[in-house]
Amino acid sequence: MELLVCIKQVPDAKDVRLDPKTNTLARDGVESIMNPFDRHALEEAVRIREEQGGTVTALSMGPPQAEEVLREAIACGADRGVLVSDRAFAGADTWATSYTLARAIETLGSFDLILCGKQAIDGDTAQVGPGLASRMNLPYVTCVQKRRQVDDTGIEVERMMDDGYDVVRLPLPALLTVVKDINEPRVPSLKGKMKARKAEIPVLSAADIGAEKECIGLAGSPTRVVNVFSPEPRGDRKIFTGTAEEQVDQLIEHLRDYL
Amino acid sequence: MLKVDSEKCIGCGVCEDQCAFGAITVEDGCAVVGDTCTLCGSCVDACEAGALRIEEAESGRGTVDLSQWQGIWVFAEFRHGVVAPVTHELLGVGRRLADQRGVPLSAVLPGSGVRGECDALIAAGADTVYLVDDPALARYREDVYGRVLEDLIRCYRPEVVLAGATAIGRSVIPQVATRLGAGLTADCTGLDIRPEDGTLLQTRPAFGGNIMATIECPDTRPQMATVRPKVMAPLEPDPARTGQVVEVEIDAGLLESRVEVLETVVSEAEQVNIQEVEVLVAGGRGVEGEKGFALIRELAEELGGAVAASRAAVDSGWISYPHQVGQTGKTVCPKLYIACGISGAVQHAVGMQSAEVVVAINRDADAPIFDIATYGLVGDLFEVVPLLAKKIQERKK
Ligand SMILES: Cc1cc2nc3c(=O)[nH]c(=O)nc-3n(C[C@H](O)[C@H](O)[C@H](O)COP(=O)(O)OP(=O)(O)OC[C@H]3O[C@@H](n4cnc5c(N)ncnc54)[C@H](O)[C@@H]3O)c2cc1C
Ligand SMILES: Nc1ncnc2c1ncn2[C@@H]1O[C@H](COP(=O)(O)O)[C@@H](O)[C@H]1O
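If you read the protein sequences in the order shown, they are chains A and B.
Its first residue numbered 1, the first sequence is counted upward by one per residue in this note's numbering.
Its first residue numbered 1001, the second sequence is counted upward by one per residue in this note's numbering.
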């Protein structure tokens, strides 16, 4: 089975903080990590390959340093990593991103199953997975919490809903986005790490994937960020003191409007 | 491309501090743009020397005749016999936007046996309900719902389409936006219209609420957004309001699906969606187990709220994943969030820091949760939580 996982490199949440004093972004040494949901997507792909055979391709679009997450993916079991990188992709919103990923995937070949994370933690949009599926005309389900069964003809999964879950069957090829509950990702093996270090990571440019200029990067993005600002700081704040009972009484006093 | 005018740049570093993506560095007294630039433009606004500018490549999308698109639409989400509460919230904000624009507000209601819901949607603010009632729509399926919405939007051309940022809304809308070539903003918490040109100003938290961003779609229509539940206020239902129901026939071909829903399971524990309640009492590792969660549950019941949890509590198996709040769980913004035995790690904080009031109960006075709390109680939760529940109960009498 040919599997492909879309992996995004994102800034680590713990580094992107507001400085409470100046109310500006404090980002000393912002570290980049593999988007946590994508780690679960990768793990699921590797498990399917272990059961069914085939290959797992990890694909990322991003600046040259996004190569790091692809090496990490190889260390965690992917067979190969491919980076789509070009200055012309800068400023892509989810519309342009799904276009670019779709073009890249078509360039790479055909796949039975494409896995994405539910969302990327920098933008939290959860739009690229469904967007990619619709560009590739694939059936898809989002927020998969469990894989029940998979074979050459189809896949049966549990899709997390707001009030429970649905059991859904899709023919292959298809696309899934996954949540954290689906599996417990493994830590990279020593062998995997060695393989990752030596791996060639091919880089595809806009021209390599035959992308139309007006569909990529900022020019290809229907949305524009027009303003970025800090959320309003919380008003009145208090840490109570005294015995448990005294603190509870003070709290109730302050919460009057909410009780 | 972000361009730096080296003549004008004074190397002050304001842009470097402003950039959320670490993409700008000042080298030899001049700003240099790196690969991580997302062209968000916040540096351009911050630069007092006027040295930064975003140069756009020609967009090949062509110009859409914006005047051809009129009216505000709300996707009415129907599941298990009820219209999702967020639909009424959307009609509330939609009404305001429609009145500002002087255009009608419509609800689109796909489903099976949903005719009876139309009056309530009109009472909640809609002028028109586009009703698509077909057995093929009995269960939510991505492809069928997506095609129905796309078809209607192409036919009636609304300028704005809003949907709830729910499991269904966030799954179906991106597909529709992609095919329409429309901009889509996820999980908005603020919506406004710019009076001069009718542009929808969509505000949403990014980086887990550490920053806010306002987004617009200048050249494309419709302008699409999913909106976080519980942020917008519904109108008081007015049964005297009148409106029109337009029954739409959908081409049978569009109703064929490749997706088969074998079973729909509503779990008892998940009956309440933690994203749609006003009060959440959350437990973390400090709650120590299922017994501890019984105390959390009692307090939640006393407050008419629901139970949430940190990842540590979910991973320990004390409570199920749909209750998890945070980066790899759900984002919630209730009126009141009471965090019990939760340290307040940033991955948790990003999921709850936009709550109106945060109460922290923790025995460690240095726990980071106190930095984001409105009110903090330093003490043992096994003492504080039952006491709080008891006092609230007494107060009610
Ligand atoms: C990629 C990634 C994603 C993550 N996603 C999430 C997420 O979505 N949600 C999430 O919550 N976390 C997430 N985490 C984990 C997060 O970093 C923290 O580990 C987690 O939030 C800690 O949970 P906790 O506060 O319950 O436990 P702890 O950090 O162990 O805190 C327990 C607290 O309880 C207090 N306490 C103990 N006993 C008592 C008592 N009797 N009375 C009062 N106070 C007491 C302690 O003082 C302590 O502050 C993620 C981590 C990673 C790496
Ligand atoms: N630049 C990217 N490169 C590879 N995969 C991506 C990229 N952006 C988004 N994705 C995939 O799409 C999912 C949803 O992302 P988003 O819509 O940005 O929240 C992620 O979990 C990834 O699997």
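In case anyone wonders, no lab produced these hints; they're calculated from the structure.
Hints may contain errors.
[Said to hold, decoys possible] Under 7 Å between C-beta atoms, here's a sample of chain B residues computed to sit facing chain A:
#, residue
1, 1150
2, 1213
3, 1220
4, 1384
Cβ coordinates follow ideal geometry from the N, Cα and C atoms, glycine included.
Verification of the hints:
no.	hint	result
1	1150	violated (9 Å)
2	1213	holds (5 Å)
3	1220	holds (4 Å)
4	1384	holds (5 Å)
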